[in-house]
Amino acid sequence: MTPTIDIWVDFTTQDDTGLPWTLLSEAADPARIVVGAFVVGGNPQAQAVVEIVDVGRDGVVHVRPLPGPVTRHAHLLSARAS
Amino acid sequence: MSGFRVRHEEVSDDTLVVIRGGVIDEDSLRRDARIAFLRFGEYGVSVLAAPDDDGLREVEAGPLRGYRRLTVTTAGAIRRVGLELRPTFRRPHYTVIFPTLDDGVRRLLSCDNEVIDNPHYEADEGEEGR
Numbered sequence: 009m010t011p012t013i014d015i016w017v018d019f020t021t022q023d024d025t026g027l028p029w030t031l032l033s034e035a036a037d038p039a040r041i042v043v044g045a046f047v048v049g050g051n052p053q054a055q056a057v058v059e060i061v062d063v064g065r066d067g068v069v070h071v072r073p074l075p076g077p078v079t080r081h082a083h084l085l086s087a088r089a090s
Numbered sequence: 003m004s005g006f007r008v009r010h011e012e013v014s015d016d017t018l019v020v021i022r023g024g025v026i027d028e029d030s031l032r033r034d035a036r037i038a039f040l041r042f043g044e045y046g047v048s049v050l051a052a053p054d055d056d057g058l059r060e061v062e063a064g065p066l067r068g069y070r071r072l073t074v075t076t077a078g079a080i081r082r083v084g085l086e087l088r089p090t091f092r093r094p095h096y097t098v099i100f101p102t103l104d105d106g107v108r109r110l111l112s113c114d115n116e117v118i119d120n121p122h123y124e125a126d127e128g129e130e131g132r
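Read top to bottom, the protein sequences are chains A and B.
Here the first sequence is numbered in this note's numbering, starting from 9 and rising by one per residue.
Here the second sequence is numbered in this note's numbering, starting from 3 and rising by one per residue.
What the hints contain is simulated information worked out from the structure, not anything from laboratory work.
Every residue, glycine too, gets a C-beta built ideally from N, C-alpha and C.
Among the hints, erroneous ones may be present.
What the hints assert, rightly or not - Covered stretches of chain B, as calculated for chain A (at least 3 residues, CB under 8 Å):
| id | segment |
| --- | --- |
| 1 | 39-51 |
| 2 | 62-71 |
| 3 | 102-109 |
| 4 | 116-127 |
So that you can see chain A by itself, here it is in the shape it has in the complex (with noise of 0.2 Å):
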């Protein structure tokens, strides 16, 4: 089963940082992507525990992704209102 993604990203983008990068906008809950948080980012395609490393003020979310499958890290995931 494809887990929900709260936020949408393409890993293959990359900036400066050498971070994948997305933005707030593509979350599906904003006030979830606070740094330091867990959630599952990604796309129909793949999907990952990745960490919130910042949150700029122009909104790009530079994320990391947590290797492995989404339930290896899944006790990381903040919670999620229901």
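Assemble the complex: chain A is given as a structure, and chain B must be docked to it using the hints.
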């Protein structure tokens, strides 16, 4: 808004293998190109590139390890459909620049490519092929 930071690098031949995570589909291309536009003021999608098989293995095992499948093409194939492959940010990152959203998506979808399995993809327990 700042544009893509461009590396001064020659991208000259078909030996440069270009990889994008997943199987190329129109919806994802549109969404990713729009996101790039909102940040950089130009439509485009990210790709990674490798000069040889060893480089390809590094990309498969690194940034793209979360993708079960990868789309592989060449710099030449991208040029032949009239798109620019621009060296952006840090190696091995490049951006395929779209002249317009619709035209870029159409051209990239028509580009010769090969879909390969990623040997470094780690499936979830009980996961079936997607």
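- Message: Flag every earlier hint the structure violates by its number, smallest first.
- Response: 3
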